[in-house]
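Trainee: Based on the provided sequences and hints, a complete structural model is requested.
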Amino acid sequence: MKPKIGRALVVGGGISGIRAALDLAETGYGVILVEKAPHLGGVLSQLDSQFPTNHCGMCKMLPLVERDAGSQYCLRKGLFHENIDIRMSTRVAAIEGEAGHFTIRLQKQPGFVDPDTCIGCGMCADVCPVAVADEFNAGLSRRKAVYLPVPHMTPNTYVIDSAACSRCGECVDVCPTGAIRLFRQGRADFGVLVVDDEYTVRDSIKEWLEEEGFFVEAAASGEEALDAMEKQSFKMMLLDIKMPGMDGVAVLKKTMENYPEMAVVMMTAYATVETAVEAMKTGAMDYLMKPFDPEDLVSKVIDVYEVREASMGETMEAGAVIFCGGTECYDPSTGKNPFGYKVFPDVLTGLEFERLISGTGPGGGELVRLSDGRPVKTIAWVQCVGSRNLQLDKDYCSGICCMVAIKEAMLAKERGHEDLEATIFYMDMRTFGKSFQRFRERAEKDFNIRFTRGCVHTISADDKTGKLMVTYPVEDSRHMEAAFDMVVLSTGQQPAGGVDKLAEMADFEQNPWGFARSEPFAPARTKRDGIFLAGSFSGPKDIAESVISAGSASLCASAAIHAAGGGMAEVDGDLPEYADVSLQAPKVRIALCECGATLPGGIDMERIAADLKADPAVENVFVIPRLCTVEGWDMLVEKTKGKGYNRLLVGACTPYVYTRRLRQLGEKVMVDPALMDVEDIRSPAFAYADAAAGDIEQAMARRLKSGLSRLREVDPLPKQSAPIARRALVIGGGIAGMTAALAIADHGYPVDLVEKKGELGGNLNWLTHTIEGYDVRDFFDNVRQRLEKHPRITVYVNSRVVSSFGAVGNFYTTIETSDAPSRTLHHGIAILATGGNEAETTAYCCGQSDAVITQKVLEQKISQKQIDCKSIDTVAMIQCVDSREEPRNYCSRVCCTSTLKHILHMKKKNPDLGVYVFYRDMMSYGFAETWYTEARKAGAIFIPYTVDAKPQVFVGEKGDPPVKIKAYEPLLEADVTVNADLLVLATGIVPALPQSLADAFGAGIDADGFFREAESKWRPVDSLKEGVFACGIALSPRSVTESVASAEAAAQRGLRILSKNALTSARVTARVRHSLCSLCERCIDVCPYGARSVDLDMQKIIVNAAMCQGCGNCASECPNSASVIDGFFDGRMLDMIDMVIE
Amino acid sequence: MAKTSLCDEAEQNLQTSLASFFKFVLAMEDIHALLAPMRLPANERVMHTLVTDPELLDPIDPFAPSFPMNAARLVSRLTKRPGGEMVAVVLRPCEIRALIELVKLKQGDMENIIIVGIDCPGAFKNTDYVEFAGENPETAAERFLAGALSGETKFDGGVEISAACRACTHPVPQGADLSIGIFGLDSDRQFLVSADTEKGKALFDRLGLSGCDVPDSRREAIDSLLSVRREFQKEMMDDIQKKTNTPEKLATYLSGCINCYNCRVACPVCYCRECVFVTDVFDHDPFQYLRWARRKGMIKMPTDTVFYHITRMAHISTACVGCGQCSNACPNDIGLSELFIASASTSQSAFDYEAGRSLEEDPPLTVFREDEFDDVVEVNH
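From first to last, the protein sequence lines stand for chains B and H.
Counted from 1, the first sequence has number 847 at position 847 by my numbering; the numbering is strictly sequential.
Every number in my numbering is 10000 more than the matching position in the second sequence, counting from 1.
Since the hints were derived computationally from the structure, they do not count as laboratory data.
All values derive from a computational prediction rather than experimental measurement.
Any given hint might turn out to be false.
[As the list claims (entries may be wrong)] According to the in silico footprint, chain B covers these stretches of chain H (three or more CB under 8 Å from chain B): (1) 10102-10112; (2) 10150-10162; (3) 10251-10258.
[As the list claims (entries may be wrong)] Restricting the straight-line Cα-Cα distance to at most 25 Å, the calculated cross-link-like pairs of lysine-lysine (PhoX-like) are: (4) 10106/H - 1100/B; (5) 613/B - 10296/H; (6) 966/B - 937/B; (7) 10199/H - 1100/B; (8) 501/B - 527/B; (9) 958/B - 937/B; (10) 10080/H - 10106/H; (11) 907/B - 861/B; (12) 467/B - 377/B.
Cβ coordinates follow ideal geometry from the N, Cα and C atoms, glycine included.
Mentor: Following this line, the structure appears as structure tokens:
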């Protein structure tokens, strides 16, 4: 991939951070990805299964175009992309400047283990005497102070928990590669000058500090001290105040004049404390009172040392910043009602539960009680712990916990005891996402999970049975008590720690709930230009929403960099041209690292070398004492210069397998890095730690021979490249389509926008304001004007797509405009933004009376002032009309908020208005919860109903009330009748995506008529067919702001492709050996990416190399290897297997 | 509802009666050729022959106990690419089922053929047929049917119906447009013509055949044949299971293999243009052989023989129709059909699939089901 101008900073390496970084990197920007933890992945590194599939699938976020620029393995193991500079254990200290030209200061935590040298052997952890709670297992297990932050990372290098580490140095001594640089090495460079006239004082301090590895000099007087400072540089001075001759304060003054960076700590007796305080004003850093405890003094010096190490910051330039700081889980033990958490061992948080049942968890995934180890047979989830709670000042819904609890209950049923009973206690089951309602029903029907409505208020323990007693209110203000083996608290999300400081530092605002505040209708924007938000940093989000918001933020960042002149124009980098060796017989040179004599005795590298040399394909084998040293690397470079070979195999340890160093080496010695490979020969030494040296040596030789087989067969074919049409087609002119069109056109690419109606805007033509009070019409006017004036956007109204063919990069689509000849557009990508409409209904007497209307009609009547709220007494509303039950078994997401919006509006106009809402589950997710609270405060009455007992509606005769609603009221345990002037029905949303249109672009449609995403969580706006995207309501019901986010995300996905002149295939791509092919077409059936077709005229199977993802389905289906994956040729695979099983 | 007609010419025997029938078929204006087993003029061997002149059909001999190859491969050659002319093809049930598999694999097409299936009492191995036919090949079918239809499997000279045929539970054609039935009839001269498809019924009508009911004796004869065959099949599979249920035993069983690849040439559903075992994948470096030999001290040459059969089993066991041609083709008398019929039975039942049953069923490996084989892969548990 050629370098391009422009760089962005992404802060936070969770899902949204990874997504944003990859989006920008794939589009060609440089990215600095900063993560304060020592690993990427955020909370998902701890969660194995995600709803609604209950699988992982994070790998689906990996780049699909220009795959070779990044890693192509499990993202939970790690991420590599040539455009992404990842900085772990790092924080952002300052952001200065303006959009397009920020100066960023990064601060890295001192790292005590060199990741380039650590081989992950774990000998350090074996000897470490410190054990603390392991965050990875949510504290359910213990780890050492030197530890693996995530057990499954690749490469997996140890880190040191500086707060827990006792600095004993045991690990330094055992590390076979000398990777651990506990401060001691650094400390030796950290000079401390001890100035005291009393010999015993200065000498004992010197001794203590030297023991800690510091370089210490002592001076007996002020004059001596000043002399010493001239001769040698010191970082710190411990200075006695009361000394004969020049006193401490005088020395301090001189020192501050000459060495202003010096950290000076005054040593004082009680009598001179005031002087010491005075000295602080002169520049002393602190003071210590005599007599002092050696430990206090030593830790003070260490503190100063570490702060100084840490402040060794780095300054970088970036055009835009995306904050993806995520959230943190509420800790129930801090609340007024801890629900027995940390009191009863069998009360867990959701995260703890997920660790408990994880295969990598503390008990290997066995679902047993922590108190007594007995299997869990009854388990309860308690929802809304730390959410929807006014007392805790958390008047918002965390959005994800209902689905998480259902998922966890399913996992418990699958993995736990066969008779396990699972119960979820909830207030409203918020299944408002795509397919979530059916997920819940599956849990209920197929998994027999019990859903009990009730707000649990007490969890106690029954001492006799050891069970946990859960108390919750039921009808008629009675209480029920139920016994469980285990209780899981569905803890809510709260703003990430440190968000206040970040907000201050980066100058963005926070919303009333403490999350980062985004701008109206611009979910990724903050008030500061160039600073953007993604993921749950701005409010709780699930994975799909986070991925969409990351796309939206990266689009905004890209636009900001582009607008500031750092466009996406390509810079011609000098890519090295390697000689074509495809016609030469393989000649492999092999370099073996001896690992500095740290291998078990008896392993003879020369013997391995001689064994390898027997293979005629091996040109030469040489041994390097220690590759990880500078000398070792230089030796490798020296030994690989010169001709005589065309492939290089390096036998070393894990870190080398994944570094970019082969690329550097390739450029130095002019051998294509694709013809180089590294085989990890170090792992066998600790994998078979107890084995005899001979066995280890054989294991190493086997690996090398297998690597040799692999490398011998590598045949670097030139990559295929196909030019593309850098133009986009957007279908649908609602807010999603308009936003997507503008986003792409703003990057300089022409866009055709096709709208079937005579005017743009879709649902914005009747929406007036949002529940927050933002004016939708102003927003619409603004967007429309920008769109109409945009020189790169062509709008076709009254038009529809007739047909389309082609593939990513080159689609040919014919559109038909009324009263005009049809035309064919050539475009590289397509975005389907076909929207949806409020569903029509005949339920509840709708259509039989003017008194029964839908929410949309109510909104129109309100905006047209056709309703006088003061002249009516009672309004009733029914939610989920024809929704959340078959055949329209999904939540339309926006109706509950609309209902609340209308209630608040009408209540404001007429506070005495009676409002009755019949609902199943109020879906006021996220911050909409606050409006739900407001509506109840304003006096609206909410009455739940169930599908089997829906309210009954009677339209009145003359003289009667206009409409009567009869329903069961569970609190009263009786039927109630409401006489209303108006009944408003929330009918939900139906999609408007015709099958023929989806078919034309090879996109799928789900059972409800919405666009079928490639993957609902990880690729929420993509079609499985590359180059086709969707946004807005075409995906699933969503609000205006959510539509904007998805449109920006879809545009971003499109820009990845449009930003390139041509699409280049990856190295690992399928190919057909036509002379062997029988044209059975089975490969076409099994290709999940639609990358294959048959050309009947040519009698050939055609592979679209840009669409092919190298998954290998075709090659494994093809019986005679007519279909092959480059790099995984059968002969080579057989050879490799043969070598390792030798 | 199938249409059936009984052909019973008092003056003729089965042989001449069949010849008249097929002459009549080939004389139809829209049938341009007939592919059928015929005795060749030179040595009277029975081979499939493509005939356009009805007058040359006298030596047609579909019931001769000769099964030199599975003719599905021939039909594939005639229909793999559009040809335009209509050919009637006379096939045994296993040939039809193999053809159905080949069509699913895009190696043939049904549009321009009329399948005439025949009741199949079985056949001899090639060498046994020559022995049995002896000096009087023209009476071979007659002599064979006389015994086979009354349940005989062993004949003069000690020749026996091949194991694959004795284990075959599909003696009656399925998927044919027209079927020629002989089970349960007076086989000296009678045969039953039935039409099961729209194409077949149209031809039936144009041939002006008169309708009749299927005689009860036919059902009885088929049932009794099937019960014998099933019993033999079970014995055969139990036996092969015992002989090959460890890698060592399997290797012993296959030890006579010389990599001649005759079995794959004879196999009707081994459809690769070139077998992977003769491509560069298995074209090992000389150094490789020595390395293998050095590792174990010795290796059997040629190498890759067990690997070859296991690979073939993996590739075709869901498409295997059990025709037995692999055994027929083996120069070293390895009982391949026993092995392949047993493995095919297991893998086909695992996918609830039966090779050749229906054109509508997709080959198992091209179908993706998320919940498939949970019990085997244990993804969710």
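Trainee: Checking against the hints above, which ones are violated?
Mentor: 2, 3, 7, 9
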